[in-house]
Every structure is written in C-alpha cells, then in structure tokens.
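Chains A and B supply the protein sequences, listed in that same order.
First residue of the first sequence: 81, per our numbering; consecutive thereafter.
First residue of the second sequence: 422, per our numbering; consecutive thereafter.
Hint data in this document are derived by calculation from the structure and do not stem from the laboratory.
In this text the structure is predicted, and so the values were computed from the model without any measurement.
Just so it is clear, CB atoms sit at the ideal spot from N, CA and C, and this is done for glycine as well.
Mixed in with the good hints, there may be bad ones.
Which chain B residues face chain A? A few, computed with CB under 7 Å, are given here [as the list claims (entries may be wrong)]:
id	residue
1	Trp467
2	Val601
3	Glu602
4	Pro605
5	Arg608
6	Ile611
7	Val670
8	Phe727
9	Pro735
10	Val738
11	Asp749
12	Ala751
13	Arg758
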Amino acid sequence: MIPEVPAVLAELAGLAAKNADPAVPPAERASDLMLSALLLALAAETWDRQAHVLVEENRAVRALLGESGEDADLRLSALTAENRRLRARLIERHAEAEAAGDTAACEAIWAELAASTERRKISSGPV
Amino acid sequence: MTHSLEERLAAYIARKMPEARGISVSGLERISGGASRETYRFRLAWDGGERPLILRRDPPASLIETERRVEFAAYRAFHGSAVPVPEMLWLEEEDDALDHPFFIAEELTGHQASPQVLLSGLYDAVLPRVAERKWTILGEIAKADPVALGLTEVMPPPALDACWRRELDHWEALIDRDAVEPMPVTRAAIRWLRANPPPPAQKLAVVHGDYRTGNFLFDEAGDIHGVLDWEMAHLGDPLEDLGWSLQPVWCFGREGMAGGLVPPEQAIAAWERASGLKADPAALHWWTLFNCVKGQGIWVGSAKAFISGGNRSPIMVYPAWWLINAQDRAMLKLMGRL
Chain A
81 MIPEVPAVLA ELAGLAAKNA DPAVPPAERA SDLMLSALLL ALAAETWDRQ AHVLVEENRA
141 VRALLGESGE DADLRLSALT AENRRLRARL IERHAEAEAA GDTAACEAIW AELAASTERR
201 KISSGPV
Chain B
422 MTHSLEERLA AYIARKMPEA RGISVSGLER ISGGASRETY RFRLAWDGGE RPLILRRDPP
482 ASLIETERRV EFAAYRAFHG SAVPVPEMLW LEEEDDALDH PFFIAEELTG HQASPQVLLS
542 GLYDAVLPRV AERKWTILGE IAKADPVALG LTEVMPPPAL DACWRRELDH WEALIDRDAV
602 EPMPVTRAAI RWLRANPPPP AQKLAVVHGD YRTGNFLFDE AGDIHGVLDW EMAHLGDPLE
662 DLGWSLQPVW CFGREGMAGG LVPPEQAIAA WERASGLKAD PAALHWWTLF NCVKGQGIWV
722 GSAKAFISGG NRSPIMVYPA WWLINAQDRA MLKLMGRL
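With the rest of the complex left out, here is chain A (with noise of 0.2 Å):
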C-alpha cells in the first residue's frame, strides 16, 4: 500500500498525541479519530500478509517475464522494490505483446493481473 504502513503509523501517532490535548475542538478530534481507526484497521488487514503477498507476485511475475530467481531478502522494503521493477517490466511486457497480437502472452498477463488484485483485495473495499 501507498504511502507505506510505517510513515502513516508514525502520523498516527503524532495525531493521537496531539489530540490529547483538551484543547482540540472536538469536532476535528472526533473527525481525526475516525479517520486513525479506518487507517489502523487496514494496515492491521495488510500486516500479516504482505510479505507472503509480495513473494507471491513477484514469483508469477518473473515466469510471466521469463526471468529467473527467487527473493533472497525478506524484508518489506526490499520486496517492495523488486516487485515495483518486475510491475515496470509487466507493463512493457503487456504493451508489446498487444501490438504484436499475441494473445496467448495478454491472456497470461491478464490472469495474472487479475490474480494480483485478488491478492491484494481490502475486505472493506467498495468493489
């Protein structure tokens, strides 16, 4: 997700401090309380799965683009910047095989892409 968890948790909490202040019109308390619970209850959805989700893409993503490998380094950063290069490469990837009409490459492309939302779906989304 974007902005990533941890910059928007830090907010969080500097927004919990300064709403202990008695001082904060309620009104604007009360609208920056709502908004931290919706904020903190998707990260807490995307917390556990992440990595696994990340793992995931990137490996079908690699066989789409006919590359070799496995991420060595686990951490979300690392994930996370691997996979927005292999995304870049999808894209291009995707570009050039609709203008060549290979429409087994797009079908693949498109399975995986339908794929990777699923993965990435937020229980309270609207759609």
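Since the structure of chain A is provided, determine the placement of chain B on it from the hints.
Quick look at chain B alone, frame taken from chain A:
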C-alpha cells in the same frame, strides 16, 4: 473555546460588509472529510442579523489541485436554477487574510451528505426518490448552456471531438507525475481507451467532475437540497459526469447499484429524461472506464501529497489505501477480466 481563525475571519468579513456593525464570528469548527479543501462551518452575526456560513480554504497541498475561482464560478452559475447549490458570497485568492485562498458560502443546514448514513438502511424507503432526484439534477447540469451561464469565461471549451482526449491526456499526465508504484491495470486501461475512442460529444456541457453519492445534501423525504464539491468542474462531454456517477467504487459495496441507490438503467433513464440527451451504451462504457482511470489519478495524487510532505493529514492516506485496489477491481470488471 474560540478558534484561532474566528477573529481573522470576522475582520475579513467586516471589510466585505462595511455597512454592517457589530460583526462577530462564533462556533467555527472544521467539518470532517474535505481532502481538497479545508471546510469549516461558522455563525456570522452582526447588529440586526445572523447567518450560518461555510468557509472553504485551500490546504497546504491538496488531493485535487484546482482553481477555487472555477469552483466559485460554477456554484454561482447554477444558484437559483433547477440545480440546487448554496449561495456563494466572497472569494479570496490572496494569502493575506487567512494564509491560503478561500471562499465563503451560505450553509444549507439540516441536511445530510454522508453516503454511510444514506446507505445505512434508515433511508431505504426513499432511495429511489434520492436516485430520481440525483440523476435528474445531473441531467439538468448536462442540459445547461455553458455559454449562457458565462462559464466559458473561466473554463476553456474543448472541441466536441476533443473532449475525451483532453481529459485522458490530463489524467494520464497526473498519473505519470504522481504514481509511486507501477500500475499495470491502469496502464492497460489507458491503452484500451486510446485505441477505442468514443464518438464526439453530443454537446458542450458543464461537467461537475465529482458528481457522486456523498457530494449532495439530502433529507429524510429523499429530496436533494444542494450539490456540493464543484472543484473539478470543467466543460466537456456530458457523458463524463454520467460515467463518474456510475463508477463502480461509488456503489459503496452495493454491487450492481448505481451510486449504491438503484440499478444503472434507472439512473440512466432519469438522466436521459432530464437532459434530453442519449447515453449511447458504448460511449458510456468508455466514459465509465475513463473515470476509473481518473479515480486512480486522484488516489495516487493524494498518496503523493502525503509522501512528499505537502499534506500529512490522514485524509490524504485514506483514499489511496481504501480505493486503489477497488479501482483496479472496477477496471478489471469493466474490461471483462474479473
């Protein structure tokens, strides 16, 4: 507690109402939401009168970068027409008075805007009425003559066959600028949109730009008393607004229901009756998919504003976290891939 803006706001209004005496501002409080403008309500009083008002002030960095002058003009153009909007009072484009540009408008009191409230079950009996009003009003916006309204003075008019390209170029450029991560579904949708352009617009229309459930004020009888959030208003193809209103993310989880309210066919029929225009299914599909791309442009823009430090408010994070995946899902469904 007195809000720090109250005295400065009173001083500003006193300059705008030189004939009034005893001007005071009280009860200023920020209204939740409002990722593109800071929105406050307050009560203005003077000797012999008082009035509830709204202050809309630019934040340091916005979810949507727009000219408040255009938004102000759009509200003014429709005030007193079949399109209900609050009265605009003063526009200030300089930073001196309240640190950022702002405008002040009438507050339409006693109504709700929240989609969560509207779709909570309490209003189920009047949802068809809300929907009829919602798309009838949108049809009235589509029917309006932007030249007669004076809006061509502040909004550049595109050629009828250039509406789609101007909008797609604009939003693709914003995605190019703001996207932090590669967006393969969005990029595939953009390629499809460019390869399959819609027909020229039936007419040059005022496009509200963010006409959705949540951006109008409703009551318990299902009537609509104000259309809000005109900050993305521009001139273009009337199907653009209809496509945004039918964008799947605005069903708020009520799949298959336009705006979470009624089946799309009912919404389209109400719009066609009011506008006198036709919603060609293929063209409307193009504009609905386009509006998914536009949505991604807004969500990644809000994320970028947070990441760059321009605006660290949590309201800038929520659209990105809640909607980017949903927007991808919407695009895949519209393209028959999910």
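Hint-by-hint comparison with the structure:
Of the supplied interface hints, the one on B:Trp467 is violated, with its beta-carbon coming no nearer than about 24 Å to a beta-carbon of chain A, more than 7 Å. Annotation: interface hint on B:Val601 holds; nearest CB of chain A at approximately 5 Å, less than 7 Å. Below 7 Å, beta-carbon pairs count as interface contacts, and B:Glu602 has one with chain A at about 6 Å; its hint therefore holds. For B:Pro605, the shortest C-beta to C-beta distance to chain A is roughly 5 Å, which falls under 7 Å, so the interface hint holds.
Because the smallest distance between the Cβ of B:Arg608 and any Cβ of chain A comes to about 5 Å, under 7 Å, the interface hint for this residue holds. Contact between B:Ile611 and chain A, as hinted, is not supported at the beta carbon level, the nearest pair being about 10 Å apart and thus beyond 7 Å. Among the interface hints, the one on B:Val670 holds; its C-beta lies about 5 Å from the nearest C-beta in chain A, closer than the 7 Å criterion. With a cut of 7 Å, the hint placing B:Phe727 at the interface with chain A holds, because the nearest CB-to-CB distance is about 5 Å.
A cut of 7 Å between beta carbons decides the hint on B:Pro735: the least distance to chain A is about 4 Å, and the hint holds. With a cut of 7 Å, the hint placing B:Val738 at the interface with chain A holds, because the nearest CB-to-CB distance is about 5 Å. Below 7 Å, beta-carbon pairs count as interface contacts, and B:Asp749 has one with chain A at about 5 Å; its hint therefore holds. Checking B:Ala751 against chain A: minimum C-beta separation of about 5 Å stays under 7 Å; hint holds.
Taken as an interface hint, B:Arg758 checks out: its beta carbon lies about 5 Å from the nearest beta carbon of chain A, inside 7 Å.
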